[in-house]
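*Asks:* Just so you know, the sequence shown maps onto residues 5 to 745 in the working numbering.
Some clues are possibly wrong.
To be verified - Straight-line distance between alpha carbons at most 30 Å, and here's what the computed DSBU-like set of lysine-lysine pairs gives:
id, residue 1, residue 2
1, Lys740, Lys502
2, Lys306, Lys470
3, Lys710, Lys667
4, Lys470, Lys499
5, Lys631, Lys575
6, Lys502, Lys667
7, Lys362, Lys499
8, Lys667, Lys318
9, Lys254, Lys212
10, Lys629, Lys710
11, Lys329, Lys318
12, Lys710, Lys726
13, Lys306, Lys212
14, Lys740, Lys726
15, Lys667, Lys740
16, Lys517, Lys470
17, Lys575, Lys499
18, Lys575, Lys306
Claimed, not checked - What follows is a set of in silico ranges between Cβ atoms, one per label pair, in the way DEER data are often shown:
id, residue 1, residue 2, range
19, Ala584, Pro735, 42 to 50 Å
20, Pro180, Arg490, 55 to 63 Å
21, Gln297, Gly579, 22 to 30 Å
22, Tyr705, Ser608, 40 to 48 Å
23, Asp627, Tyr681, 12 to 20 Å
24, Gly516, Asp173, 52 to 60 Å
25, Lys629, Pro585, 21 to 29 Å
Since the hints were made in silico from the structure, they are not lab data. All C-beta atoms, glycine included, are put in the ideal place defined by N, C-alpha and C.
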Amino acid sequence: GGRSCSQATGRSRTTGPFVTPLLRRAPPAPPVVLLAAEGRPSSSRGGRNATRRSRSPPTASYVASQGTPRSATTSPGRLGFGTEESSTSRRSEEASSKPTPPTRRCASPGTQSAQTPDVATTSTRGCTSAAFAGTANTTPSPAPAETSADATFAQFERLASPQKLCYSDFSNTIVPRYCRSNQPEDIEIFNRICTPYDANAFDELLNKFELTNDYPNLVYNLRTGFPIGNMPRLNSTVIIPNHPSCMLYKQAVDDYLLGERNAGRMSGPYTRERVEEILGGPFFASPLIVSVQTQAPGTPDKLRICRHLSKGTKVDSSVNSYIEKESFPTRFDTALRVADIISAAPPGTQACTLDIEKFHRTIPVVPPHKCWLVVQGDPGEFWIEHNVPFGCASASSNSGMVANAGVDIIQASGAGPTMKYEDDLKNLRVPVAEGRIEDSGYTYDVPSGRVADILTYLGFPINREKGDGVYRPVVEFIGFLWDIPRKVVSLPERKRSKFLRRVRDFLDAFDGKRCSRRDVERIHGSMCHVSFVHIDGRSRLPSLSNFAATFDGRDPKTAHYPPTSVVSDLKWWAGCLEMAPRERSIRNRGPPMDHRIFVDASTSWGIGIVIGERWAALRLREDWKVKGRDICWLETVAVEILVYLLDSLGYRDQHILIHSDNKGTVGSITKGRSRNYHINHSVRRLYDLVLAVGLTPTLEYIESEKNPADPLSRGLPGPPGKKLVTDIRLPPDIDKALYFL
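Based on the sequences and whatever the hints tell you, model everything.
*Replies:* Structure representation (structure tokens):
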């Protein structure tokens with residue numbers, strides 16, 4: 005049930021289970037040229053015979069030589085990244101006095117600068133050749149430019165550099181509480197600190213790698229418990245009945261509570277009076293709820309016992325309402341970040357995965373805050389919580405503080421960059437010249453099992469069934485299968501089957517029948533996950549989100565019939581998921597290439613497009629405007645037509661930068677969807693084409709006054725000799741609204 009359930013956890017040790025590593029850069033791989041027709045490397049393999057480079061000296065950080073100086077400031081709006089923020093006033097209806105705001109204890113700030121190409125455009129409004137004033141006398145090639153190995157590796161190091169967070173210190177804000185009982189058993193229950201983590205080991209390695217200032221509260225919190233927030237004084241006991249699902253799955257709830265007690269994470273059951281005596285006063289009992297998670301066909305549904313800590317009463321605010329999430333920063337490596345890192349990873353890069361068992365149940369609660377986390381089993385029987393539960397607004401930050409420290413220790417030890425999403429870890433190792441370990445023609449310094457050894461030394465409970473720490477070229481992480489050599493991502497077969505079952509179950513249960521908002525939000529969340537691979541499915545999401553918005557948020561029992569659009573889109577999803585797993589290329593996830601591409605539209609004339617020195621314009625037909633078609637639709641269609649032109653010009657397998665002066669269009673295409681039917685239809689066609697030709701569009705906003713396509717959209721043509729040959733066939737709805745000049 006955990007390494008220690010005592011007041012001070014840990015044991016004294018002086019050396020770790022790993023030797024001091026040599027921190028070396030990977031050898032530069034041969035230059036990689038993406039072939040326009042095939043989108044694959046044309047160079048020979050790197051690896052053992054690759055050009056050697058001098059070793060970097062040992063440092064405390066894997067990417068210290070490439071990272072931004074720690075004294076640099078962050079860009080505006082980056083939460084918890086070298087910023088100082090004051091805590092706002094907290095609601096405390098039960099408090100006799102306002103709690104003291106927490107102190108922000110920040111690590112040394114760092115930055116991760118985005119490599120956004122500078123855009124230099126010169127435009128003189130009202131001049132025939134205005135859109136092309138100041139442009140270079142060169143025409144961009146549709147073929148991708150050669151990328152040097154050093155530039156790619158520098159990009160990899162920059163992307164892999166972990167973000168520093170700023171954690172709050174709540175030690176001076178905790179309202180004191182003391183056990184009212186004199187019984188040793190009761191005093192132990194009140195003071196119990198139950199965690200598998202070794203505070204002494206963390207203290208040792210944080211000091212060794214000079215990371216203590218990044219985690220100033222961690223060791224203290226591991227020994228004395230983590231605050232869940234700036235909680236007010238609790239003046240009266242609040243008991244909210246459990247969700248009806250607890251009666252439906254009563255045996256599962258009983259088994260869960262007994263299992264938690266056996267693990268030392270809970271104590272009970274007790275009467276109300278006994279709990280108040282042990283915890284030193286009134287307590288708050290939030291309801292339990294059972295969540296049913298559909299699994300793959302042939303696999304029984306998974307039952308999760310959850311706390312509904314956002315549930316309050318008419319007079320009592322919920323537990324989560326007192327927790328300011330701004331005081332609890334988090335750091336997640338999303339699928340997009342993983343794709344960016346893998347895209348820039350040098351040849352020979354491998355990965356291993358690890359899973360932290362009972363991740364959110366490993367964080368001890370500071371004793372005075374246990375009164376906020378009591379749960380009720382059978383009526384009148386209460387259980388005292390010793391660990392932060394999933395569902396607490398501060399849970400991800402508190403557990404993330406421990407995991408982030410582990411990740412930073414791994415990287416500082418020389419084991420390479422580690423990505424994390426909640427309890428999932430993915431560590432990368434890159435080949436080095438003259439490495440001790442040979443695998444698949446490359447040599448490495450980091451053996452399989454090194455990362456697991458470090459985590460085990462720190463006390464992390466590793467789930468070996470979900471990750472064995474062995475390095476491989478293809479690994480599963482955060483629900484996706486990542487093929488590093490081929491730079492592609494896909495859904496694992498069991499995930500494809502699971503999501504297909506969810507779609508079919510929804511259609512079987514609710515086609516022609518009423519469903520709840522929870523049913524809709526659940527299937528919508530599943531399809532959002534799948535759409536990372538099936539990016540053409542993003543335009544099939546608005547029907548679900550629009551439908552969810554029609555429910556009365558105050559009444560969870562409200563039920564509606566799914567509209568035809570929802571049924572149609574879910575049948576499309578079912579058709580996609582019935583096929584063999586699809587792969588999405590992440591090869592072109594580096595900085596976008598700036599070919600000086602601009603689009604603009606006006607309802608008074610039409611559309612203008614600029615590609616380098618060349619241009620195209622489309623004039624509106626008189627009857628173009630129908631309900632739902634406005635300037636936003638025109639601006640989106642401009643990007644769609646641009647993609648048709650790029651296809652005809654031979655652009656393939658590139659990450660391209662597109663400039664637009666319409667923020668709505670930038671948002672819709674970036675998200676891959678829109679609530680507007682006509683815009684959504686245009687976005688859908690656009691993604692069908694970019695998937696087929698391997699283009700990755702990134703839209704960037706530009707002011708109209710600086711947009712070279714602006715005069716074209718108002719009927720002012722460019723130089724005749726620079727006009728694009730436009731023999732492409734437009735979709736019927738666009739052809740009825742526009743024609744090429």
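*Asks:* Compare the structure with the hints numbered earlier in the document and write down the numbers of the violated ones, lowest to highest.
*Replies:* Numbers 1, 6, 8, 9, 13, 16, 19, 22 and 25, in rising order.
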